[in-house]
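J.: Here my numbering is used: the first residue of the sequence shown is 1, the next is one more, and so on.
Worth flagging that the hints you see were computed from the coordinates, not collected in a lab. Just to be clear, a hint being listed does not mean it is correct.
Stated by the list, open to error - Quick list of in silico lysine-lysine cross-link-like pairs, DSSO-like style, CA-CA up to 27 Å:
(1) 36 to 51
(2) 8 to 36
(3) 15 to 44
Unchecked claim - Have a look at the derived ranges for each label pair, beta carbon to beta carbon:
(4) 26 to 48: 29 to 35 Å
(5) 45 to 70: 36 to 42 Å
(6) 52 to 9: 48 to 54 Å
(7) 55 to 80: 24 to 30 Å
(8) 66 to 9: 48 to 54 Å
(9) 9 to 56: 24 to 30 Å
(10) 16 to 41: 30 to 36 Å
(11) 62 to 8: 55 to 61 Å
Quick reminder that beta carbons are idealized off the backbone N, C-alpha and C, glycines included.
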Amino acid sequence: MTITKFLKGLAEGEKVVTSAISWIDSESRFQAATQKAWRRMISKIIGWSAKNKFLVLILVAVAVVGSGLVREAYPAGAIPDLSDTQ
């Protein structure tokens with residue numbers, strides 16, 4: 001076992017990871033916090049969408065019309081043959 005003395009970079013009382021168990025524990029806590037944040041964000045988006053139904057409907061209509069316009073402006077160059085082989 002090698003012991004290294006740090007002279008700079010750490011303040012007194014700061015903790016240093018000395019084993020993989022601590023790293024795994026902090027990683028699992030990070031993943032749990034990230035999942036919680038995602039759930040909270042999705043919940044807020046759903047809540048906002050429920051309160052602003054008309055605006056959501058307008059945004060969806062704009063997206064549908066916009067995608068139709070793009071499809072017309074850039075037609076497919078080749079359509080694959082999906083029929084059965086003979």
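J.: All the hints need checking, so say for each whether the structure fits it.
T.: Verification of the hints:
1. 36 to 51: Roughly 23 Å separates the two Cα atoms, so the pair holds.
2. 8 to 36: violated, 36 Å
3. 15 to 44: Since the Cα atoms of residue 15 and residue 44 sit roughly 36 Å apart, the hinted pair is violated (cutoff 27 Å).
4. 26 to 48: 29 to 35 Å: holds, 33 Å
5. 45 to 70: 36 to 42 Å: violated, 25 Å
6. 52 to 9: 48 to 54 Å: At 50 Å between Cβs, range holds.
7. 55 to 80: 24 to 30 Å: violated, 38 Å
8. 66 to 9: 48 to 54 Å: holds, 53 Å
9. 9 to 56: 24 to 30 Å: Once the Cβ atoms are compared, 50 Å apart, the range 24 to 30 Å for residue 56 and residue 9 is violated.
10. 16 to 41: 30 to 36 Å: Given range 30 to 36 Å: holds, Cβ gap about 33 Å.
11. 62 to 8: 55 to 61 Å: Distance hint for residue 62, residue 8 holds at roughly 57 Å.
Hint compliance for this structure: hints 2, 3, 5, 7 and 9 are broken, all remaining hints hold.
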